[in-house]
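Student: Listed below are the residues making up each chain.
2 protein chains.
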Amino acid sequence: MMMQTPLTMTQMIKRAERFFPKKEVVSRTASGIQRFTYKEIAERTRRLAEALQKLEVERGDKVGTLAWNHHRHLEAYFAIPCSGAVLHTVNIRLSPQHIVYIINHAEDKVLLIDSDIVPLIEAVKDKLSSVKAFIIMTDDQELPETSLSPVYHYEKLLAEATGDYEFPDDLDENSPAGMCYTSATTGNPKGVIYSHRGIVLHSMALGMADSAGVSEKDIAMPVVPMFHVNAWGLPFAAVWFGTNLVMPGPYFTPKLLAELIQEEKVTITAGVPTIWLGLLKELDENEYDMRSLRSILCGGSAAPKGMIKAFEQKHNIPFMHAYGMTETSPLVVISTLKSYQEELSYEERLDLKSKQGILVPGLEMKIVGKDGEASWDGKEMGELAIRGPWIASEYYKDERTADGFRDGWLYTGDVVTIDEEGFMKIVDRTKDLIKSGGEWISSVDLENALMAHEAVFEAAVVAVPHEEWQERPVACVVLKDAFKGKTDKQELLEFLKPQFAKWWLPDEILFLNEIPKTSVGKFLKMALRDQVHKELTEMNE
Amino acid sequence: MMMQTPLTMTQMIKRAERFFPKKEVVSRTASGIQRFTYKEIAERTRRLAEALQKLEVERGDKVGTLAWNHHRHLEAYFAIPCSGAVLHTVNIRLSPQHIVYIINHAEDKVLLIDSDIVPLIEAVKDKLSSVKAFIIMTDDQELPETSLSPVYHYEKLLAEATGDYEFPDDLDENSPAGMCYTSATTGNPKGVIYSHRGIVLHSMALGMADSAGVSEKDIAMPVVPMFHVNAWGLPFAAVWFGTNLVMPGPYFTPKLLAELIQEEKVTITAGVPTIWLGLLKELDENEYDMRSLRSILCGGSAAPKGMIKAFEQKHNIPFMHAYGMTETSPLVVISTLKSYQEELSYEERLDLKSKQGILVPGLEMKIVGKDGEASWDGKEMGELAIRGPWIASEYYKDERTADGFRDGWLYTGDVVTIDEEGFMKIVDRTKDLIKSGGEWISSVDLENALMAHEAVFEAAVVAVPHEEWQERPVACVVLKDAFKGKTDKQELLEFLKPQFAKWWLPDEILFLNEIPKTSVGKFLKMALRDQVHKELTEMNE
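Chains V and X are the protein sequences, given in the same order.
End of the first sequence = 541 in UniProt numbering, gap-free, step of one.
End of the second sequence = 541 in UniProt numbering, gap-free, step of one.
Please note that the accuracy of each hint is not assured.
[What the hints assert, rightly or not] Here are the simulated lysine-lysine pairs, DSS-like style, with alpha carbons at most 30 Å apart: (1) X:379 <-> V:22; (2) V:305 <-> V:534; (3) V:14 <-> X:54; (4) X:379 <-> V:366; (5) V:379 <-> X:379; (6) X:54 <-> X:125; (7) V:314 <-> V:265; (8) V:217 <-> X:39; (9) V:39 <-> X:54; (10) V:217 <-> X:125.
In case anyone wonders, no lab produced these hints; they're calculated from the structure.
Build out the structure end to end from the sequences listed, making use of the hints.
Tutor: Okay, here's the thing in structure tokens:
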């Protein structure tokens, strides 16, 4: 029989250290660009693991990170799971109350925080119930003034460590390695736990020639934030395979991304459509040398066909469309064409490339329609269900597990077709969620907030397509008779402001006489979207 | 947490069927070349699984194959494990007594046999203790005359099946899927069991961009026999990824291989150095279009540097050196260069390429010397030990497990160095085995047979390098005084002939006055090899 050696993440950092000590991580932080070899990264990772051990982080303990894409976050990506603890990447774009909720729900014992994010945590620190220590990741010699306590300086902790920490070799492959929360249709975010086994298999999938083909020869730049589904697993794969990494850091601009690609000779990069629309504009306006780029990996939302075409035809940059979600680690399908499809005309290939793609080896998918499993003919629609070893089986300590997981399958909430060649295409969403620039917005939460206003009789929020952000929320409001003509858009927006992150606020509020409903009184969102589309078009004429 | 979906092989054939029904298997059998789509192969595979079920093959039962590389063998590769039985590929080049031993030791319930191999089994059929049925794989409408019983016609079994067989979805990933026997230093071959999990992970490794990078875009021709470590796993990977396969069938010549590569536009092929030396000669002598070939994968024995250079420099065909063994599924290391090594001079790159290569992601290796673990400096030597999820943990029902497996590691018997870059190079072998044209020969068994001759006082057999076969056995014999000058080489060879396969017989028998020994009386094989080398050189001058 075969050895029962577990699929654990310790092998990844050890392989980088042993086989690729000379390879590089280029890290942009608040103070500029720094360069590290994997030898240095591995040593610093061991020191961080040792420091966490001194802070009494034990196996199974959760350690939260609130940070951008840089080398210290990368070190945390390995030091935490490779010592048996759980890497909890906190989405810093969530509202403060949601951030408090997920830190408390995960029971994070230690938080690693970028210095610019410290104020956000200071504001809510009294509500955090489990955190025993704060570590600030800063380039400065000294800690900033802070009310957090006890608080540690990341670099000082590393400097104080002996450096002789050894990663344990007895971790179970099914033990938790990471976790990430995803927005729910309403209410608090739901947590997903990633196992060592899932992350290892997902990383292998990223390295396969027919998927992203991440290789030692690549120079990979994850633009997708490290607080979004492990930056799609790219940092794990890159370290394992000895791939040079370019970490773009906080508050980057399209110009900065273009410069990094040009100067660091990036070969593969990954992010949401909003990012690539920005880059495309920059490339259209200024001259850059993008010849190193073998692939732009795009997911999080459907990529507009025109954008794919512009990258490929105008700038000669291959574009790779993919699909996944927090629950799926995330890679599920990827739009790599089959050999014989390469012979199609460009327009036909573009049609395929603007679909989400075909299934990565290792997973299963099916379409579930009203009458059971739908056929793969590119026409029959139904909800996409997925199964496989890097797909979540539940939400962490959450009753809402029952909504998404049934009979051993994850029900994605995405309405899709799959064509005869196995290419999946998203056509609609069953859940009341809006995806704006790669982040989820709950239409239900906005509706509930609006309906709490004294003037509002009923309110529905729908997604409208948006050129830059893919989708934006628009609210449809029916005012109570007494308030008609008296309450305006501005008043309602002011009312919402304190309750939500700024980017959640509806772009437009339309006042209607009624909201179309189903026979059982539910909002008919599809009809409403059509109506909104018409009204907005008229407004813009 | 993540789903506990098992890593089983059923997903491979189902993926080919669902996503790649149009892709092709080109199969050369005794009667010529036939072409099948994966749709057809999958349907035939289901029919074979159904037929085996009717023959009462149950989960865990062993089914033996004695066959060349063709589409029916490929169908057996999936029908057997995907129905829960165990695919036992029997090495038809072993001696009849070893073939009898392994079929009985594995307890094969059914044998699938190529028609040209039927006589071999007829000759030993009375010694087979577990076989309940024989299936003959033939292109002919009717079965050949045979004394085997009960005997079935492969195509008729398939024709009689309903075709609605469904693969079970409850196989355990750690259950046995395949098995293969490997030659021992002495005595009977030792069996290795492959699990579903091991085969799935090994296939992923074959598909990774940094290893063989097997892809849907490839057209793969496994020249390595399917009775050698699953044809190095290529058939599994190819079916899973929808890669076109070219199966070269029985008794091929270098000319035939060159023609298949040219006509079928093969992109990747795999085999032992002896095969490639033959192909090289053919390419030197005749014109072929080899531009489709992106890689020749070479393993089984060390590839001569001159051959690598000739393929790459003279014929512009990239050459990929790899290392593995029956116990390792087999892929362990592969000589893909690192990005910065591509900038070295060709001679420097050639030096690296003639090493066995660097470790595939997922495994661990170390060198164990006299004083514990040796360092990776390209100089310190020791025995290579390997660990990982596609490495065997034991020999099947065999006390000799203790020889090869210690402390959770496989001890390979190969003496190696590993350089600072992690490139492993074989420098010697601790085991008394000779590898001739990809097959093992036991020097100890030859020695024991020689010492059973009345004239022989003592005998040692060593490997000498050979241009075509990489290694060939040469015997060193000390005659008893009474026989000196009376017994000659011819007499000893005639004495050995009935006991061994023809290709086991020593190329030369040297008569010495004594055999160099260690202080404890063991043959000093290294000194002996030098002495033999000198004597042979003198003989040839």
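Student: Evaluate each hint against the coordinates.
Tutor: Hints, one by one, checked against the model:
1. Among the hinted pairs, residue 379 of chain X with residue 22 of chain V is consistent with the structure: their alpha-carbon atoms are about 21 Å apart, no more than 30 Å.
2. For a cut-off of 30 Å, the pair hint linking residue 305 of chain V to residue 534 of chain V stands: about 23 Å separates their Cα positions.
3. Proximity of residue 14 of chain V to residue 54 of chain X is assessed by CA-CA distance (about 50 Å); at most 30 Å being required, the pair is judged violated.
4. Under the criterion of a C-alpha separation no larger than 30 Å, the hint pairing residue 379 of chain X with residue 366 of chain V is inconsistent with the structure, at around 55 Å.
5. A hinted pair counts as satisfied when its Cα atoms are at most 30 Å apart, and residue 379 of chain V with residue 379 of chain X does not qualify at roughly 63 Å.
6. At most 30 Å may separate the alpha-carbon atoms for a hinted pair to count; residue 54 of chain X and residue 125 of chain X meet this at roughly 23 Å.
7. With a C-alpha separation of about 19 Å, the suggested pairing of residue 314 of chain V with residue 265 of chain V holds against the 30 Å cut-off.
8. Restraint check for residue 217 of chain V and residue 39 of chain X: the C-alpha separation of about 36 Å exceeds 30 Å, so the hint is violated.
9. Of the pairs offered as hints, the one joining residue 39 of chain V and residue 54 of chain X is violated, with about 59 Å between alpha carbons and a cut-off of 30 Å exceeded.
10. For a cut-off of 30 Å, the pair hint linking residue 217 of chain V to residue 125 of chain X is broken: about 54 Å separates their Cα positions.
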